[in-house]
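A.B. asks: What follows is the residue order along each chain.
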Amino acid sequence: MRKLSFSRKSLGIPYALFLLVFVIAPLLVLFYYAFTDGQGQFTIANLTGFFTNPNTMGTLCYSFALAIVTTAVCLLLAYPIAYILAFSNMKSKSVILMLFVMPMWINFSLRITALKEVLTVLEGNLAMHPFLNAVIGMTYDFLPFMILPIYTTISKLDKALREAAMDLGASELETFLKITLPLSVPGIISGVSMVFLPAMTNYVVLDMLYNSTYIMGSLIGSYFAAYNWHGGSMIALILLGIICLFTLLTNGSEEENTRGGALL
Amino acid sequence: MGKSENIIELKHITRTYEDGFSAVSDFNLEVKRGEFVTFLGPSGCGKTTTLRMIAGFDLPTSGEILLNGEPITNLPPNKRPINTVFQRYALFPHMNIYENIAFGLKQKKTPKDVIEKKVKKVLALVDLEGFENRSVATLSGGQQQRIAIARALVNEPEILLLDEPLGALDLKMRKEMQIELKAMHDELGITFIYVTHDQEEALTMSDKIVVMSEGKMQQIGTPEDIYNEPKNAFVADFIGESNIFNGIMTGKLKARFCGGEFACVDDVEQGTHITAVVRPEDVELTAPGEGIISGVVDSVIFKGMHYEITVVSGKNEMVIQSVRSATPGERVGMRVDPENIHIMIAEDHTNIFAADINPDFHLEYNGHILDTSVTKIIKGSRRTEDGTLLDAHGEVIDPKKTKIMVSIQPSDIRMTDNMEEGIVQGYISNLIYKGDHYSYVIHTDLEQDFIVNDEYLWNMDDQVGLLMPVDKMKFALKR
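From first to last, the protein sequence lines are chains A and B. Counted from 1, the first sequence has number 38 at position 38 by the working numbering; the numbering is strictly sequential. Counted from 1, the second sequence has number 351 at position 351 by the working numbering; the numbering is strictly sequential.
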C-alpha cells in the first residue's frame with residue numbers, strides 16, 4: 001500500500017486553485033472582453049472610447065474628487081479620535097473604541113437606511129445636496145477603516161520618544177509635530193488606501209441613499225446593465241490600473257501596518 | 001556657601017498613585033554641583049520614579065524640588081536645563097544621527113553653523129566621528145547608547161540623568177561603557193544622576209550612592225561607606241555578599257553572635273541587641289580551636305578568583321571567600337579582625353531559628369516536635385502515598401536537606417521555671433528595663449540568643465525554659 005505523504009508544496013494547492021479560479025480566470029475574461037468588440041474581434045476602441053468620451057472622463061474626475069474629499073474628511077475626523085484613543089486610559093479606551101466599531105456589527109444596509117432617514121429629516125429633500133450626502137454616507141461607512149490603522153500606529157509608538165523630545169526642549173505641540181505626526185505616517189497611508197479606493201467605486205452606498213451622484217462603480221454597473229460587457233470590462237480594467245498604481249506608490253509603508261484592518 | 005553648592009535639592013518628595021501606592025515617600029536629597037550620584041535599589045524601589053520627577057515627566061504628590069535654589073517642582077520637562085539618557089535610548093527613528101543630536105539645539109534656535117560644530121565635537125566625545133548621516137536602525141545597541149548620551153550632552157545640561165542606560169548591553173560592553181561614562185563625567189564636570197539596580201556598577205562609578213528600598217532612602221554615602229558601614233540589614237544584604245547575624249553587646253567593644261564572642265571597634269552600649277555584618281572575604285580560616293568560633297565545612301564552590309566556603313557553626317551558617325580551599329566535612333576555626341566586624345543597632349528584634357523536618361515530616365527543634373503540618377508551611381506541597389514530600393512543581397523535597405526558618409516575636413515567647421516544659425532551655429544573660437517591660441536575652445544551650453519581652457522581673461543567670469506558641473510562629477522554607 002502506498003503511504004499518503006504531504007510535502008509542504010502540496011499544502012499550497014488549494015490556494016493556487018483558488019487563485020486560478022477566482023483571480024486569474026476572471027482577469028483573463030476581463031482582458032478578453034475589454035479588448036474585443038461584439039463580434040469577438042480584437043479592438044482598442046473601448047480604450048480610446050473611454051478617454052475620448054467626455055461623460056466617462058467626467059465621471060472619473062468626479063469620482064476622484066469625491067474620493068479625495070471623503071478621504072480627507074475621514075482623516076481629519078479619524079486622526080484626533082485615534083490620538084485620543086491611544087493616550088486614554090484603559091477604561092475609557094474600550095468605550096470610545098466600541099463607539100466606533102459597534103456600528104460595524106449592524107447590517108450595512110440597515111445603517112445606511114437609518115442614515116438616509118436622519119439626512120431626510122435634516123435636509124428635507126436629499127436631492128438638494130448630492131455631493132455632500134455622498135461624502136457623509138461614505139465617511140460614515142469608512143471611518144473605522146481610517147481610525148484603526150492610525151490608532152494602532154500611534155499606540156505602538158514608544159512613550160519614551162515623546163518624553164525624549166520634551167526632555168530636549170520641545171513643547172507639547174512641537175513634540176506632536178516633530179515626533180508623533182511623522183511617526184504615524186505609516187498608519188495614515190494605510191488608512192488612506194483603505195478608504196480612498198472604496199470611495200471611488202462603492203456606489204451601493206449612494207444607491208441606497210437615493211443619491212444621483214455618478215461614480216466609477218455606478219458607471220461600470222450601468223454598462224453591464226445595458227449588456228455592454230466590452231465597455232464595462234475596459235472601465236473595470238482602467239480602474240484596476242489606477243488601483244495598482246496607487247498600491248505601488250504606498251507599498252513601502254503599508255506593509256508594516258495592516259494590523260488595524262485585521263482588528264475588524 | 002552651603003546653599004549655592006547644591007545644584008539640586010529634593011525636599012520631602014512623596015509620590016502617591018491613585019490606588020494609594022506610594023512609589024516614593026518623604027525623600028530628601030542634596031546633590032552638589034559636579035557630583036556623580038547613583039540611585040541604587042531593587043526594581044520597584046522608587047529610583048526611576050524619583051529620576052522622572054527630577055526630569056519633569058512625573059510630578060510629586062507633595063514636596064519640593066529646587067534647582068540652584070529655585071523651585072522647579074511643577075516646571076514641564078522642556079523648561080528644565082536637565083537632559084535624560086533613556087533606558088532603551090529612545091532615539092528618533094525617522095531622523096538620522098545628525099538630526100537626532102541636533103534636535104535639542106534646534107529647539108533652542110541655535111545658529112546652524114554652531115550646531116554643526118557642536119554635533120561634530122560631541123560625536124568625537126562618544127567616539128563615533130563621521131556617523132552624522134547614518135540611520136538609527138543601522139547602529140548596534142552600544143552605538144545607539146553613545147548617540148543617546150551625545151544627544152543629551154550636546155545641550156550642555158546642568159544635570160545629566162541616566163536611567164539604567166547600560167541595562168540593555170552585554171556584560172563586556174557594559175564594563176567598557178562604565179569606564180567611559182566615568183571618564184566623561186570627570187572631563188565635562190556635569191552633575192550625573194544615575195539609576196541602576198546593579199550594585200557593582202554603582203560602586204564602580206559613583207561619588208555618592210543613594211540606596212533605596214520601598215520608596216525610602218535607606219542610606220546615602222560614598223561607595224566605601226555604603227560597603228563598609230551599611231546602616232541596616234537591607235543595605236548590607238543588597239550591597240555585596242554578607243553574613244548577617246543577630247547578637248548582643250556583651251561588654252565594652254565586645255559582641256556575641258554566631259555562637260562566639262568577638263572583639264569589635266563599634267562602641268555600642270552593653271546589652272544592646274545588634275545586627276552584626278561580616279563580609280565573606282573578611283573571615284579568616286584557622287585550625288580548629290584556634291579561631292574565635294569553629295564549625296564544619298558544608299560546601300566548597302570554586303569561583304575563579306577564590307573559593308566560596310560555607311561553614312556550619314552550631315545553628316549558624318557562615319559564608320567565607322578564601323583563596324585556600326577546604327574539604328566538606330572538615331572542622332575549621334574562624335576568626336574575624338575587629339575592624340572587619342560591622343555592628344548595627346538592631347531595629348527588629350525578631351527571633352529566628354532553624355527547625356528540621358524529621359522523618360515523619362514533623363517540624364522538630366531541639367528534640368521537640370512543633371505541632372504544625374509541613375505541607376501547610378511549604379506552599380503547594382503535598383505528601384504522596386509512598387511517603388515522599390513533593391513541592392508545588394512536583395519535585396521531591398528531601399527532609400534532610402531542608403530547613404524551615406522559624407521566626408517569632410520577643411513578646412510571644414514566655415519563660416518558665418519548669419525547664420522540661422520549654423522548647424529550649426537557657427540562662428538569662430542580660431536584661432534591660434524598657435519602661436513597661438523587661439527585655440531579656442536568653443542564651444540557650446544551643447548557643448543561640450533569644451530575646452524575650454516580659455513584664456515581670458527575672459534575675460540574671462536564672463535558668464529558664466522558653467515556651468513558644470506555634471500559632472505565633474512564622475515559617476519560611478530554606479533549602
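Rather than coming from a laboratory, the hints here were simulated on the basis of the structure. Note that CB positions come from ideal geometry on N, CA and C, so glycine has one too. Incorrect hints may have been included.
What the hints assert, rightly or not - Calculated Cβ distances over 10 Å to all of chain A for the following chain B residues:
no.	residue
1	T84
2	H94
3	L125
4	V296
5	D386
6	Y438
7	K472
Stated by the list, open to error - Below, computed lysine-lysine pairings styled on DSS-like, alpha-carbon distance capped at 25 Å:
no.	chain 1	residue 1	chain 2	residue 2
8	B	K216	B	K231
9	B	K403	A	K159
10	B	K120	A	K178
11	A	K178	B	K254
12	A	K159	B	K108
13	A	K159	A	K93
14	B	K11	B	K112
15	B	K376	B	K400
16	B	K376	B	K472
17	B	K175	A	K178
18	B	K121	B	K109
19	B	K208	B	K32
20	B	K401	B	K474
21	B	K376	B	K401
22	B	K32	B	K216
23	B	K216	B	K175
24	B	K109	B	K120
25	A	K178	B	K79
26	B	K11	B	K216
27	B	K117	A	K178
28	A	K116	A	K93
29	B	K118	B	K172
30	A	K178	B	K108
31	B	K208	B	K231
32	B	K303	B	K175
33	A	K156	A	K91
34	B	K403	B	K472
35	A	K159	B	K79
36	A	K178	B	K109
37	B	K182	B	K172
38	B	K231	B	K254
39	A	K91	A	K159
40	A	K178	B	K112
A.B. asks: Checking against the hints above, which ones are violated?
C.D. replies: Numbers 1, 2, 9, 11, 14, 17, 23, 28, 29, in rising order.
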